[in-house]
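**Q** Protein chains in written order, with the working numbering: chain X, 5 to 455; chain Z, 659 to 978.
Take these hints with a grain of salt, some might be off.
[Stated by the list, open to error] Using 27 Å as the maximum straight-line C-alpha spacing, the simulated DSSO-like pairs for lysine-lysine come out as follows:
1. X:Lys135 <-> X:Lys185
2. X:Lys282 <-> X:Lys135
3. X:Lys238 <-> X:Lys53
4. Z:Lys775 <-> Z:Lys883
5. X:Lys153 <-> X:Lys282
6. X:Lys153 <-> X:Lys210
7. X:Lys238 <-> X:Lys210
8. Z:Lys888 <-> Z:Lys918
9. X:Lys153 <-> X:Lys134
10. X:Lys133 <-> X:Lys282
11. Z:Lys829 <-> Z:Lys805
12. X:Lys153 <-> X:Lys173
13. Z:Lys805 <-> Z:Lys854
14. Z:Lys914 <-> X:Lys430
15. Z:Lys829 <-> X:Lys173
16. X:Lys282 <-> Z:Lys914
17. X:Lys134 <-> X:Lys173
18. X:Lys282 <-> Z:Lys918
19. Z:Lys829 <-> X:Lys153
20. Z:Lys888 <-> Z:Lys914
21. Z:Lys883 <-> X:Lys430
22. X:Lys53 <-> Z:Lys736
23. X:Lys430 <-> X:Lys339
24. Z:Lys881 <-> X:Lys430
25. Z:Lys883 <-> Z:Lys854
26. X:Lys395 <-> X:Lys339
27. X:Lys282 <-> Z:Lys881
28. Z:Lys918 <-> X:Lys430
29. Z:Lys775 <-> Z:Lys854
30. Z:Lys775 <-> Z:Lys829
31. Z:Lys883 <-> X:Lys282
32. X:Lys185 <-> X:Lys126
33. X:Lys185 <-> X:Lys153
Hints were generated in silico from the structure; no laboratory data involved.
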Amino acid sequence: MLDNLTQRLAKVVKTLRGQARLTEDNITEMLREVRMALLEADVALPVIKELIARVKEKAVGQEVIASLTPGQALVGVVHRELTELMGGGNVGLNLATQPPAVILMSGLQGAGKTTTTAKLGKWLRERQKKKVLVVSCDVYRPAAIEQLKTVALQAGIDFFPSSAEQLPKDIAAAALDYARKHYYDVLFVDTAGRLSIDSAMMAEIKELHVVLNPIESLFVVDAMQGQDAVNTAKAFNEALPLTGIVLTKLDGDARGGAALSVRHVTGKPLKFAGIGEKLSGLEEFHPERMASRILGMGDILGLVEDAQRGVDQDKAQAFAQKVKSGKGFDLNDFKEQIGQMRKMGGLSSMLEKLPAQFAQAAQQAGGAVEDKSIRRIEGIINSMTPQERAKPEILKASRKRRIASGAGVQVQEVNRLLNQFEQTQKMMKQFSKGGMQKLMRGMKGMMPGMR
Amino acid sequence: MFGFLKKKDGATPPGAKPGWAERLKDGLSRTRAQLGGQLASLFRRTRIDSDLLEELEATLLQADVGVEATGFLLDELKVAVRRDKLETPAQLQVALVKALEDLLAPLEQPLDVSAHKPFIIMIAGVNGAGKTTSIGKLARHFQAQGKSVLLAAGDTFRAAAREQLQAWGEKNGVVVIAQESGDPAAVVFDAIHAAKARGIDVVLADTAGRLPTQLHLMEEIAKVKRVIRKAEPSGPHEVILVLDANIGQNTLGQVKAFDKAIGVTGLIVTKLDGTAKGGVIAAIARQQPIPLRFIGVGEGIDDLQPFSAHEFVAALFEGT
Ligand SMILES: Nc1nc2c(ncn2[C@@H]2O[C@H](COP(=O)(O)OP(=O)(O)OP(=O)(O)O)[C@@H](O)[C@H]2O)c(=O)[nH]1
Ligand SMILES: Nc1nc2c(ncn2[C@@H]2O[C@H](COP(=O)(O)OP(=O)(O)O)[C@@H](O)[C@H]2O)c(=O)[nH]1
Ligand SMILES: [Mg+2]
Ligand SMILES: [Mg+2]
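The whole structure should be built from the sequences, with the hints applied where relevant.
**A** And the structure:
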């Protein structure tokens, strides 16, 4: 990525060559780059100031390990700090109360509250076998109640009807009563989006909190949110005793600095991440991945180490050259690449080290990249003549049949492989043209049915 | 920008909706209290020094102006300080007002819908930006100009999106064309023919929210545009991208990606009634200038205003 922090730092660390320690003097300029990168990632300025102070404290005096450049060493420190700030491990939902466990959703307009309500409901129903009821107190936005009704049906959870003529607090009380009488484990209460300066609306949600006494009060935040995230989060946190945060729309390409801002001002754990419009688009929040994402990098250091351990350097270089030129990537390279992946501990371990957005996309590609299919792919390519590997376009029906029987697979499998190869070839081209961002988008576009 | 046009104390009690002029004034007072106040105290300092510039930088950055546009504005100011021998913070303020106005002025190009009939407007944007609500407000806006309006329910994906648009249709007393089908292009195609048959002046086509990372959805919306052209070769006559003022630097990426896919001709920035300052407008003016047609300042049907660079910046500094 162009704006990759490591690369940015590489520009300013030339002067640092040969220095064994990070010192106050030699990191000042690098810290300015860090600040810039964080600003571009939408981390709020006051949060950046504190973070930089902490990083400086930790970094000064650190030894620069032989294999790393000072820039990499500093990125390491920043990454660790970010990860720590965003909460170390993962915290799930707390349902330990006399049922129904009430979960109140709040946030700005369009943040993703209604969708997240259904996603979480589905999650609890499927993974924890909970009996879930949802209700909408959004009596303002047209068709908001209808929207929740529809997604609840999709999620296979129960919907408690309400209407725009009712008062939110009456709706909440009725739903709570119903949930108690019908032995629901969990009651989700969706609310209208509101601005933190809208005092009447903030009073309304405080009142809902009193009526419901929820065990979880979740603040839903759009990952694309900008600098104002600190003000909004502060106001919601003061109005409501929040218990956690859900970050939505991480399937986009926003760096998501708001995660850090919100976490910092509320001190509340980031619990879940929305990664798609569909109801399956939810995952537990991973602070480490988020830190990488904010910094615009994957676990590049880890990837580099693995690469050094498992990969033939010359071959890797030649390959990198091919990727760069976007030309001449043929089935031989494809096989080579697959072989290398195996040496590096398989695809799944490699995926973990890619930038979070990319890894997610790749994981969702599903079957196409499973480790065990790697061997089959190798088998098929092995059954091809050198000429066929270099010029896959000559593969017509009769050749395909021959290859299939040689590898002991169906012709469809040969076709599937060729498809995959073509896609990879396309991605390689995109990669050479537009870098990681495009590659990532390319992968997403490939995935059937993904939104 | 910078907390423009806020409601004074939040939601207006039902039945007591203040008029447009009042809301505008409310907004201005909110602005004074927000960034205006911050700037005011800055400019009350006695001299122009690096502290003042640094604080100014922080203020711009916190308004989502972004690294590049902030750097640009500060450079402009520094040039002005030397060239015009500015000495007092008050003079610096005048210079900043001018720099901002100069930057934003090219975005001020009102939308004229009289050139075609029907005038076809396609609305696009990321999830939750305020597309459907803006269509509701636009319908009111054009009807107030004596135009007849028809809405096309082109969001065939999100739950109850059609019902949401239909509700806005009812509020405005205008026809909404919708289908059971899941094909947005087909709905819009239908709507254009219906508009022609009924002699409608303006067609507003809603679309589902989408993130630019979803290439197939960007392809889908490009197809909607192509199909509009099939139904009416001169259309669409305006392609509006709706942007949420709360969103930070990703906004620029949205402008670029949607522009590439469907050729954006106008922008609407929504939710400027909140505490988000919308400074990203300055970044757009720098990096991807596209006319900013309207701003959204609330959830009500009248909470839409044509963008005026002067008012915008004046509101920012009023009372300082
Ligand atoms: N405060 C405020 N809220 C707004 C404004 N414009 C839209 N909204 C609210 O933002 C939320 C999302 O608006 P929608 O019009 O549904 O947005 P959309 O882009 O059509 O959303 P999807 O179709 O779900 O992608 C709703 O709750 C609206 O009421 C505005 O200018 N100010
Ligand atoms: N791409 C994407 N879209 C999302 C996600 N979560 C919600 N949305 C979409 O964002 C829009 C607003 O969501 P909604 O749940 O209605 O927000 P609410 O106004 O806060 O209730 C809708 O178009 C949703 O489909 C997500 O994680 N990824
Ligand atoms: Mg909702
Ligand atoms: Mg909509």
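**Q** For every hint, state whether the structure bears it out.
**A** Quick rundown of the hints versus the structure:
About 13 Å separates the Cα atoms of Lys135 (chain X) and Lys185 (chain X), which keeps this hinted pair within 27 Å; it holds. For the hint pairing Lys282 (chain X) with Lys135 (chain X), the CA-to-CA distance comes to about 21 Å; that is within 27 Å, so the pair holds. Between Lys238 (chain X) and Lys53 (chain X), the direct Cα distance comes to roughly 17 Å. Compliance with the 27 Å bound is thereby established for this hinted pair. At most 27 Å may separate the alpha-carbon atoms for a hinted pair to count; Lys775 (chain Z) and Lys883 (chain Z) meet this at roughly 17 Å.
Taking the CA atoms of Lys153 (chain X) and Lys282 (chain X), the gap is near 15 Å; set against the 27 Å cutoff, the hint holds. Of the supplied pair hints, the one linking Lys153 (chain X) and Lys210 (chain X) holds, its CA atoms being roughly 24 Å apart against a limit of 27 Å. At most 27 Å may separate the alpha-carbon atoms for a hinted pair to count; Lys238 (chain X) and Lys210 (chain X) meet this at roughly 15 Å. Of the supplied pair hints, the one linking Lys888 (chain Z) and Lys918 (chain Z) holds, its CA atoms being roughly 20 Å apart against a limit of 27 Å.
For the suggested pair Lys153 (chain X) and Lys134 (chain X), the alpha carbons sit about 18 Å apart, so the restraint of at most 27 Å is met. Taken as a hint, the Lys133 (chain X) and Lys282 (chain X) pair is honoured in the structure, with Cα atoms around 20 Å apart against an allowance of 27 Å. Taking the CA atoms of Lys829 (chain Z) and Lys805 (chain Z), the gap is about 16 Å. The hint holds against a cut of 27 Å. For the suggested pair Lys153 (chain X) and Lys173 (chain X), the alpha carbons sit about 19 Å apart, so the restraint of at most 27 Å is met.
Our distance criterion of 27 Å between C-alpha atoms is met by Lys805 (chain Z) and Lys854 (chain Z), whose separation comes to about 14 Å. Taken as a hint, the Lys914 (chain Z) and Lys430 (chain X) pair is honoured in the structure, with Cα atoms around 22 Å apart against an allowance of 27 Å. Simply put, Lys829 (chain Z) and Lys173 (chain X) have alpha-carbon atoms about 26 Å apart, close enough for the 27 Å limit, and the pair holds. A hinted pair counts as satisfied when its Cα atoms are at most 27 Å apart, and Lys282 (chain X) with Lys914 (chain Z) qualifies at roughly 25 Å.
With a CA separation close to 25 Å, the supplied pair Lys134 (chain X) and Lys173 (chain X) stays within the 27 Å bound. Straight-line distance between C-alpha atoms of Lys282 (chain X) and Lys918 (chain Z) comes to about 26 Å, which keeps the hinted pair within the 27 Å bound. At roughly 22 Å between alpha-carbon atoms, Lys829 (chain Z) and Lys153 (chain X) fall within 27 Å of each other, so this suggested pair holds. At roughly 25 Å between alpha-carbon atoms, Lys888 (chain Z) and Lys914 (chain Z) fall within 27 Å of each other, so this suggested pair holds.
As the CA atoms of Lys883 (chain Z) and Lys430 (chain X) are separated by approximately 26 Å, the hinted pair is consistent with the 27 Å bound. Using a Cα cut-off of 27 Å, the hinted pair Lys53 (chain X) and Lys736 (chain Z) holds, with the two alpha carbons roughly 24 Å apart. Proximity of Lys430 (chain X) to Lys339 (chain X) is assessed by CA-CA distance (about 16 Å); at most 27 Å being required, the pair is judged to hold. The hinted pair formed by Lys881 (chain Z) and Lys430 (chain X) meets the criterion: a straight-line CA distance of about 22 Å does not exceed 27 Å.
Among the hinted pairs, Lys883 (chain Z) with Lys854 (chain Z) is consistent with the structure: their alpha-carbon atoms are about 17 Å apart, no more than 27 Å. Our distance criterion of 27 Å between C-alpha atoms is met by Lys395 (chain X) and Lys339 (chain X), whose separation comes to about 14 Å. Proximity of Lys282 (chain X) to Lys881 (chain Z) is assessed by CA-CA distance (about 22 Å); at most 27 Å being required, the pair is judged to hold. The straight-line distance between the Cα atoms of Lys918 (chain Z) and Lys430 (chain X) is roughly 20 Å, inside the 27 Å bound, and the hint therefore holds.
Distance hint between Lys775 (chain Z) and Lys854 (chain Z) is fulfilled; the C-alpha atoms sit about 8 Å from each other, no more than 27 Å. Taken as a hint, the Lys775 (chain Z) and Lys829 (chain Z) pair is honoured in the structure, with Cα atoms around 23 Å apart against an allowance of 27 Å. Pair hint Lys883 (chain Z) plus Lys282 (chain X) holds up; C-alpha atoms about 25 Å apart against a cutoff of 27 Å. For a cut-off of 27 Å, the pair hint linking Lys185 (chain X) to Lys126 (chain X) stands: about 22 Å separates their Cα positions.
As the CA atoms of Lys185 (chain X) and Lys153 (chain X) are separated by approximately 21 Å, the hinted pair is consistent with the 27 Å bound.
When the structure is compared with the earlier hints, no violation turns up for any of them.
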